[in-house]
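Protein chains in written order, with our numbering: chain U, 1 to 309; chain D, 1 to 284.
If you're looking for bench data, these hints aren't it; they were derived computationally from the structure. Ideal Cβ positions, reconstructed from N, Cα and C, are used throughout, including at glycine. Treat the hints with care, as some may be off.
What the hints assert, rightly or not - To give an idea of the interface, some chain D residues facing chain U are shown, with a C-beta separation under 10 Å as derived from the structure:
hint, residue
1, PHE30
2, ILE32
3, GLY41
4, MET98
5, ILE162
6, ILE190
7, SER217
8, LEU219
9, TRP248
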Amino acid sequence: MTTITTSPAAVAPPRRARRYMDRKSLVPLLLFLPPALFLFVVLVVLPMVDAASFSFFDWTGYGPMTDFVGLKNYEDVLTHRHFGTAVRNSLIVIAVSLAIQLPLAMWVSLALVEKSWGVNAIRTLFFLPYMLAEIAAGLIWKFVYDGNYGLVPTVGDALGTSLPHVLGDKVWVMPAIMLVIVWKYFGFHMMIYIAGLQSIPSEVIEAARLDGVKKWQIVRHIKLPMIWGSIVISVFFSIIGALQLFDLVIPLSNGGPNNSSHTIVTFLYQFGILRMKLGFGGAVSVMLFIACVVITVVYRRLLFSREVD
Amino acid sequence: MSDVTANRKRRRRPEISPFQWLTLALVAAFIIVPFYTTVLGGFKSIGELRTNPFGLPASWDPANFTGIIFGTALFRSLWNSLIIALSTVALSVLIASMAAFALAHIRFFGSKFLMSFFMLGLLFPASTAILPLFIKLRDLGLLDSHLGIIIAQVAFSLAFSIVLFHSFFKRLPHELIDAARMDNCGYLKIYWYITLPLSLPIIATVGVFAFVGSWNSFLLPLIVLNTDTNYTWPLGIMQFQGQYGSDWPKILAYLTLTIIPAVGFFLLAQRYIISGLTGGAVKG
Chain U
1 MTTITTSPAA VAPPRRARRY MDRKSLVPLL LFLPPALFLF VVLVVLPMVD
51 AASFSFFDWT GYGPMTDFVG LKNYEDVLTH RHFGTAVRNS LIVIAVSLAI
101 QLPLAMWVSL ALVEKSWGVN AIRTLFFLPY MLAEIAAGLI WKFVYDGNYG
151 LVPTVGDALG TSLPHVLGDK VWVMPAIMLV IVWKYFGFHM MIYIAGLQSI
201 PSEVIEAARL DGVKKWQIVR HIKLPMIWGS IVISVFFSII GALQLFDLVI
251 PLSNGGPNNS SHTIVTFLYQ FGILRMKLGF GGAVSVMLFI ACVVITVVYR
301 RLLFSREVD
Chain D
1 MSDVTANRKR RRRPEISPFQ WLTLALVAAF IIVPFYTTVL GGFKSIGELR
51 TNPFGLPASW DPANFTGIIF GTALFRSLWN SLIIALSTVA LSVLIASMAA
101 FALAHIRFFG SKFLMSFFML GLLFPASTAI LPLFIKLRDL GLLDSHLGII
151 IAQVAFSLAF SIVLFHSFFK RLPHELIDAA RMDNCGYLKI YWYITLPLSL
201 PIIATVGVFA FVGSWNSFLL PLIVLNTDTN YTWPLGIMQF QGQYGSDWPK
251 ILAYLTLTII PAVGFFLLAQ RYIISGLTGG AVKG
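Starting from the given sequences, assemble the full structure and let the hints guide the process.
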């Protein structure tokens, strides 16, 4: 009895399922994929292709592109007085992130792994600036740095000297921006490290401790190697984040004084978009795009793969 | 028994060294002081900012706050931001989950290729493409409109959202979908009645991310919008700051009023933000 009823059923489903998919998967596919594909192609892929094409023309954005200038826009960008500053500033941001921000995040996260009420409150506090809009963070710190009413001159009063107006000073403006970057983003890296540290099996740490391994040796030889993946990712985010830094710089210094605090994107905005020099801006976009892609691909090859193996 | 667990707990908690405590306290002060002075600064007079930067204000005069609250600019810009953010969330969740569903559950020629194609979007952020994006939106006649911002944000968040949805959908028990297919249930019904209801955590994560990204976004609205009635709040606050120059108490009051909803939302949603960060980060 049972064999009779089950055997046709056991044979039938694969055949039915296959036919079912051929016939009926077409409609859902035609419904599910096109919206995403359309938006992605029209607003993400095509614009980059366009940028690549108008970077070879002298174009103000109106009318047909007729004035083919070859690589002249690229040459103009590379020889622009402030492009070097913008690239250098972006590299400084990367360097300071790696040298100060990430070690600070690591140091703090090591103390905040075990959950408790107090630890949670501290974590939330440290993560709070990351959630804040860059514009709001920038304006808060513009106030802190304000030469007349901010906290910096107050500190100067307390020290008995007058401190420079940091955001109006070519020497101090980048360190001032860096401090805001650390304030804003170290909590993000801290969260990544905490997640990594929490995934280490506690038996491993326990065993090492029972064997009498010192606390900092555990950190050095067990914890850090075991959260290598988290470190790789946070370094990656620091680099890509530095390359696209914009929102924070606008309220703080707007690229000034004397164009000394431009990042690549503020440079693109100031000299490409505001002046409607689209060929020039296109060249900046293409170079920035290539930099992002190369960094991502190389970085993945070099480091992410190690994690997978 | 309780003695033993208590003992274990005490032993397993790594002691935080005094030096670590000191760093934590310093970092906490570093985070708090700017917020604290901003919130109190809204109540102070301009002279008081300098003479009494850290103390409580001489009088809790709410004039700066009420002036802004009873003006129209703040709420109009918050409302614009809210509409844009909610539309971005709804469209992102819907479009990305549909695409991820097709890529995860329907077998078809080229699905692997399509997935990698979408992954291209992870390679570069919107700010890289802001100039050509501006031209494209202009050609589509979407400048100075909220719709232009919404669809651009959805397009640029697609890659990340599809990755999150795809990996979640792949982990759903496959038997459910097989069983539904046996019962002659179409993919549309499976998507709507089985997959989506099971995916609320990931919908929340993707939604919260899209919301925060949209709410905080500055560059895209800056380039797309040019009528002040259309402004989002980051544009509004920059305009306000430009208007009042260094009338810091007013600006600080405005800042405080825009920060409050963000902090409230953050405290409610941080669970999803953190799970998205770590989940998304692990996927790389």
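Violated constraints from the hint list, given by number and in increasing order:
Per hint list: zero violations.
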